[in-house]
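Chemist: Chains as they are written, first to last, in UniProt numbering: chain A, 1 to 452; chain B, 1 to 91.
Just so you know, not all the hints are guaranteed correct.
Only pairs whose alpha carbons sit at most 25 Å apart, straight line, appear in this in silico PhoX-like list of lysine-lysine [claimed, not checked]:
1) A/77 - A/439
2) A/74 - B/21
3) A/357 - B/21
4) A/430 - A/444
5) A/357 - A/405
6) A/430 - A/405
Hint data in this document are derived by calculation from the structure and do not stem from the laboratory.
Okay, here's what each chain looks like letter by letter:
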Amino acid sequence: MNWASLAYLVAALCFILALKGLSTPRYARVGNLVGAGGMVLAVVTAYAHGVVHNGLLILVMVVLGTVVGIPAAKAVKMTAVPQMVALFNGVGGAAAALVALTEFLAADGDLLFDLATVLTVLIGAVSFSGSVVTFLKLQEIMTTRPVLLPAGQSLGIGVAVASVVLSAAVLTTSSTALLVLLALAGLALGVLFVLPVGGADVPIAISLLNAFTGLAVAASGYVLGNTLLIVAGTLVGASGTILTRLMAQAMGRPLTNILFGAFSPRPEVAHTEEQRTVRSGTVEDVAILLGYAHSVLVVPGYGLAVAQAQHAARELALLLEARGIDVSYGIHPVAGRMPGHMNVLLAEADVPYDRLKELDDVNPGIGSVDVVLVVGANDVVNPGARDDPSSPIHGMPIFDVDRAKAVVFMKRSMRPGFAGVDNSLLYNPKTTLLFGDAKDSLTKLLAAVKQV
Amino acid sequence: MIDLLTIFVLAVFVGFEVVSKVSTILHTPLMSGANAIHGVILVGAILITGHAEGGVELVLGLLAVFLATVNVVGGFVVTDRMLEMFKGHKR
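The shape of chain B in the complex, shown without the other chains:
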């Protein structure tokens, strides 16, 4: 319990630190990239579905797997497409 809290607190600081000085040009891709990363809920969705025994749990879990996959895959692909636009341009 305290371990998980420690991890949480440390991650808060890392999160603040990592994007504290990003330039406006990258706000849109960064938002999209962060969006893709929270799609990691896919891991949770797979874990609960992998243990699901009742029918309701199974259906809800599978729906979560589907939605989370869309989030992950779509998020990374859109971000990559945006960043591709910046290639070859130097400021």
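Okay, chain A solo, but in the shape it has when bound:
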């Protein structure tokens, strides 16, 4: 009886329970803690059972990693969580690739061992570089629009073919130099894979890369002959794949469309460059509009969260309610930077849940809503998603706010939203634009409504 195997089994069970718990709000937090407990058990077991040399150095690195990881995770703003997840995923992928590479240096294995090594190094490298690019996109260090390299498609195919050839070469020669080359090809592949993914689709790419890292970990488990890595890695690979599909569904688009959409030529948009006019209003205009409404729908977006304007929005809602106006919030499943992100952000701001309505609750009756207040949201109310087959976000379910009686669009500038898509709603005669920082505008609006 091997006590280490038993401990690994318990840890694997903890991970299954953690994922199960995370899929229902009620047990999510407990589940996460159970998962963390399983991880501690697994790490202690590995240390106590498997460390022959270098024990002290390993401890130092674990402490260093903790010293870096905890403050980073504590300091990150809730609005920036998606890019943080991308970074953590990237370092995980890199670690998996390094583990396989190191084991390859140390041991002579058979063909299957080499195959698992090749897979781990390749997938780990793709996951690492891909995650770094998604981080840069979400952090808006680089453009969030799809980046199409000239000849990007042929380049991608070329690198993919090179990776396959290099993999085969490593399998036949067991050459370390070739394995390192393969890792470099994997890095290039990850970059080429994520560059053409645009704006709102980036989180889907993260989710998929997350699943990739899971598979890389599973493959490294085979390299090391460690069942825990196989179980945990496969769990993440499989659940990550499902999660990726669910996210794509929440956006109303097939996965292939998201991943390869930027590769396929899109029907050229007939740019109607005739002078399209927008109507921008003053705070007073909007206050009058709101003050005499019977029903108001607030559609919050990432812009509201970034400006920390949740509290101002809530105060305005309370004031309107005191005047007998029916106020509700429309929460799009992909509002924010990730599916479900807005729920996290509003939960942080203590917005009461019973006022939050989903697409299906809002859209049927939207024609009778007097004023829709769009605060820092853009893509989730873009009629192009419904009407314009050439739009990159075509097919994504939206709030049909253009069918309401009036729309107030709070925006910082005419700059398009995260997906980089122009929004015809801005030019709709029903729409009044209110330029400025969301929090600032809402505060002024609050004062103005009091005067009405």
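Once you have looked at the hints, place chain B on chain A.
Modeler: Just chain B now, with coordinates in the frame of chain A:
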């Protein structure tokens, strides 16, 4: 070999089953939680470093231990912070 394959296949089914009906509200924390779990590569990193003899192996292994620790610790802490936001809210 067949044993490991069996484990792999079973884990695929468990993984599919476990998250097949999760609601949109929890997509972000679930992704982050799964992210923390694949940080279990830390176990592998510790094992190879614990056996490493050459200098190159040692350096690569230690780097892997560091990266994997960041993945694990950061992943669990971020997920916990997100889930904390949901406490006290009932739907």
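Chemist: Take the hints in turn and mark each one as holding or not.
Modeler: Hints, one by one, checked against the model:
1. Between residue 77 of chain A and residue 439 of chain A, the direct Cα distance comes to roughly 17 Å. Compliance with the 25 Å bound is thereby established for this hinted pair.
2. Straight-line distance between C-alpha atoms of residue 74 of chain A and residue 21 of chain B comes to about 29 Å, which puts the hinted pair past the 25 Å bound.
3. Restraint check: the Cα-Cα separation between residue 357 of chain A and residue 21 of chain B comes to about 20 Å, which is no more than 25 Å; the hinted pair holds.
4. Proximity of residue 430 of chain A to residue 444 of chain A is assessed by CA-CA distance (about 22 Å); at most 25 Å being required, the pair is judged to hold.
5. Note on residue 357 of chain A and residue 405 of chain A: the hinted pairing holds, with a Cα-Cα distance of about 19 Å set against a maximum of 25 Å.
6. Taking the CA atoms of residue 430 of chain A and residue 405 of chain A, the gap is about 7 Å. The hint holds against a cut of 25 Å.
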